[in-house]
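K.L.:
Residues per chain, in single letters:
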Amino acid sequence: MLNKYPFWKYLLIILVLLPGFLYALPNLFGDDPGVQIRGARGASLGAADLERVEAILADEEISAAAVTLDDSGIKIRLADGDAQLRAREALRRELAERRFSIALTLLPAAPQWLGTLYARPMYLGLDLRGGVHFLMEMDLDAALVDHMQNTAADLRTELRRARVRHKGIRHGQELNLRLRFDDEQRREAAREVLRENFPDLAVGESGGDGDYRLNLTLTDSRRDELGGQYLEQNMAALRNRIDELGVAEPIVQRQGERRIVLQLPGLQDPNRAKEVIGRTATLEMRLVDEDHDPARAAESGAVPAESKLYSFRNGAPILLKDNVIYSGRNMVDAAASLDSLSGGPIVSITLDAAGARKNQQVTGDNIGRRMAVVYIETRSEVQRDADGKIETDADGRPLRETIRDEEVITAPVIRDQLGKRFQIEGLDSVAEARDLALLLRAGALAAPVHIIEERTVGPSMGRQNITQGVRSVVLGFVLVLIFMVLYYRLFGMVANTALFVNLVLIVAVLSLLQATLTLPGVAGIVLTVGMAVDANVLIFERIREEIRNGNSPQASIHLGYDKAFSTIVDANLTTLIAAIVLFNFGTGPIKGFAITLSIGILTSMFTAIVGTRGVVNLVYGGRRVRRLAI
Amino acid sequence: MELLKKDTNFNFLAARRWTALASAALLVVSVVALVQQRLNFGIDFTGGTLVEVSYDEPVDLAQVRTVLDAAGYDRAIVQRFGAARDILVRLPLAEDGDAGAAVQSNALMRALRAPFAESLSPDSSGIRQQCLGAAGETADCRVQMRRVEFVGPQFGDELTELGSLAMLYALIGILVYVAWRFQWRFALGSVAALVHDVLIVVGFFSVFRIEFSLPVLAAVLAVIGYSLNDTIVVFDRIRENFRRMRKSPSVQVINVSINQTLRRTLLTSVTTLLVVLALLILGGEVIRGFALALLVGVLVGTYSSIFVASPIVLVLGISRGDLMPVKKEGEEQAPLP
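Chain order of the listed sequences is A and B.
Quick note: the first sequence uses the working numbering, first residue 60, plus one each step.
Quick note: the second sequence uses the working numbering, first residue 57, plus one each step.
One chain only, chain A, in its complex shape (with noise of 0.2 angstroms):
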């Protein structure tokens, strides 16, 4: 009985402490104030917005640590809040287009090669660095509702060109649509009149006698098809408009079938956010007025009678007519595609039967003319005099104006009678294909959301939570250490070196995970703390009984880590599962704690086993050994 670890063992012990203690680095270093410009709605940013973001920053003498373009735009790092506050005024006053969304926001000062390994500090959450956070339920039978109505005005349409009489469509209360026929035969070619065209409804039928009848309803799978859309739609619309509130980090996530988490962190007005969610957006078709010289009349601002001027969204102007041809509320679907003959990218959309007839005339008649697709969304912004400064009324409240902005997507030439599908052709790349099928589909929400929990944290409070997390970890900790210690005398030194292994442990796999870490969690982590030890008494006390029956003290060693080798998997893998059915259920901060705790449980069965056992063996192994010091 030698008690001596082969090699490799220690080999394994080093390989995974190594990249703990890197990946836990980063946590060491603290945040320095910084600004992010992100690319809004879907735009991304290049090296020429990173030279004018530096020019602007030296026009202004604010010097920054370092300026840096990335995948989710760019990152100024700064001396100080001051600094930060002047270069966010000069950034914002500068860079005016609506391309762009700025914030503060704190950015990791761990140095630069750490990064490059993907050593990032934890991911800390809401209730720890402040910020707005909701769950947003989407009303779905709202939405459905809507979509049962332009089926019915479809299906006029169509039962009208099949020239099939009927006694009326009448909607139902179930979401369904209940057609009446005179008698059977008429039924019976309404019926192919649905298998073609409507192949999403469930076809029942009732009545007979001069009442013949036939119950629609969506199939389940189509109804769920439209939940799914809806809510990715949905999250694409909000994508878009909360870009601009200025957050740094802004996640939107789905949550089960009809839910959706949207965390702003940072942001100190939820009623702001609530305000930007609740916006109305919209497009609109119009004929482009090619009579006329755009650039002229953007230069004398005599704009021609019956049109109007308009922009693209990189700022060209054009004219268009001012007569809409038919709204966003028309349009059922937009998707990206690649054209079956040419091969290019291109983006199908779907009318309802009303701006399908629109559609067809108005197109008819204008072939080889263009046709603009315009983007509108109204929002209230806080007014600020020349210098940048917040105007208030009379009670200090700040003065609010509401503003429509209005950009041309695109305006392509119409190639041939459209109806109620057609192509938007002519795009660059498959990249804006899809982003223009999404700013289409994202236009409006396609169905009403609710907010059904809401939580904002204060930005002192999440300081303060971090605070008193901390210190609760190191009191817990100290005070673990020196029980310990006092108990346990040089093993329980050993015990102590494993329990600050699996701190830096739990620190360097939330870190790799990016798991968020809230106040539960650090709560999970103070728990684990004390349990932690549990396997280090289990085998103590396992040695100290073998001594007592009278064995050496090296078989003491070998027995007891041994024995209590079973009971240390049994009593962890029961915790384990108390904490993952906590993480099923968990909704935010709980979920923290679940996973904390999960992590905990397993780095602590490595480091009191297999690490403890390491030193153990390096002390005492491979020699005449009298007493221990336990």
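Since the hints were derived computationally from the structure, they do not count as laboratory data.
Computed from a prediction, not measured in an experiment: that's the story for all the values here.
Where is the CB? At the ideal position from N, CA and C, for every residue including glycine.
A hint or two may mislead.
[Claimed, not checked] Example chain B residues on the side facing chain A (calculated, C-beta under 8 angstroms, incomplete): (1) ARG203; (2) VAL204; (3) GLY229; (4) LEU231; (5) VAL263; (6) ILE266; (7) LEU277; (8) ASN285; (9) LEU323; (10) GLY340.
Starting from the structure of chain A, add chain B where the hints point.
P.N.:
Below, chain B without anything else, positioned relative to chain A:
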């Protein structure tokens, strides 16, 4: 240093009638309290709005109430929260559904800030919460919003249901695991001990009218994990000793097992209690309920693994034969050189 003498030999099982009586008494008190006055559910479960506000100087509650009354919040409950500068305002759910309630918190902050002639600056973000004063100047808000929580009515119901289900799933999962690793008598014993612990912790919150929030529920589930951990260690020893002490009656085997694991049971309780105390003292108001549930849970859990779980296994009639067929386990524990 040692907590106990070298070899303890307490006759724990002899006391089982008395401890059963004590447990029964605690359970009756808990159940009666739960039936009579139920739990003081927090807004996580009832739905509603909660706003924590911090003033730049100590504030008079009566004044705050007057301000809120005047602004139409006559159903608001105002109380102190920790320091004299901090208050907590609770609003019940608004009649006009969740959309109206979600806006409440904002209107409430406006009302509280009105006497100071300040309103939240639209530029405020990041580290400090800044307000616009009467003259349009920007300064740190004198009334700082610390946190706002709003839970809609149906979401509250859902959390209540999910919470109960989580508890149930945890217990079933454990029942199955222990029955598989040990034997069904052990499974019943451990689950009975867990139900005992959960009822007493929840009963404690009911008796003392302490708010039962989502973190408290999480703590109760953690208590299940902890208490089970304790119980399993004892069961493990019982299983081992049944195989070793072939001539001894069950009562003696279980008694010896409890005694052999007693030091470990107490030591782990001590270290866990140390950290729970650290949480209770330094964790702050938000985490207090959580730490309190753990404190009670660890105490009750330690007690139950000695005085509830094992006696139940005995009463259910555990015998050596129940543990023998598992051959593989027996080999591991073979006599040592």
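K.L.:
None of the hints should be skipped; say for each whether it holds.
P.N.:
Outcome of the hint check:
Interface hint status for ARG203 of chain B: upheld, as the beta-carbon distance to the closest one in chain A is roughly 5 angstroms, under 8 angstroms. About 4 angstroms separates the beta-carbon of VAL204 of chain B from the nearest beta-carbon of chain A, less than 8 angstroms, and the hint is met. For GLY229 of chain B, the shortest C-beta to C-beta distance to chain A is roughly 5 angstroms, which falls under 8 angstroms, so the interface hint holds. At a threshold of 8 angstroms, the smallest CB-CB gap from LEU231 of chain B to chain A is about 10 angstroms, leaving the interface hint violated.
Checking VAL263 of chain B against chain A: minimum C-beta separation of about 24 angstroms lies over 8 angstroms; hint violated. The closest approach between the C-beta of ILE266 of chain B and any C-beta of chain A is roughly 17 angstroms, which is over the 8 angstroms cut-off, so the hint fails. The restraint placing LEU277 of chain B at the interface with chain A holds, with a minimum CB-CB distance near 5 angstroms, inside the 8 angstroms limit. With its C-beta approaching chain A no nearer than about 4 angstroms, ASN285 of chain B sits inside the 8 angstroms limit, and its interface hint holds.
Look at LEU323 of chain B: its Cβ gets to within about 5 angstroms of chain A, closer than 8 angstroms, so that hint holds up. The beta carbon of GLY340 of chain B is positioned within 8 angstroms of a beta carbon in chain A (closest approach about 4 angstroms), and the interface hint is therefore held.
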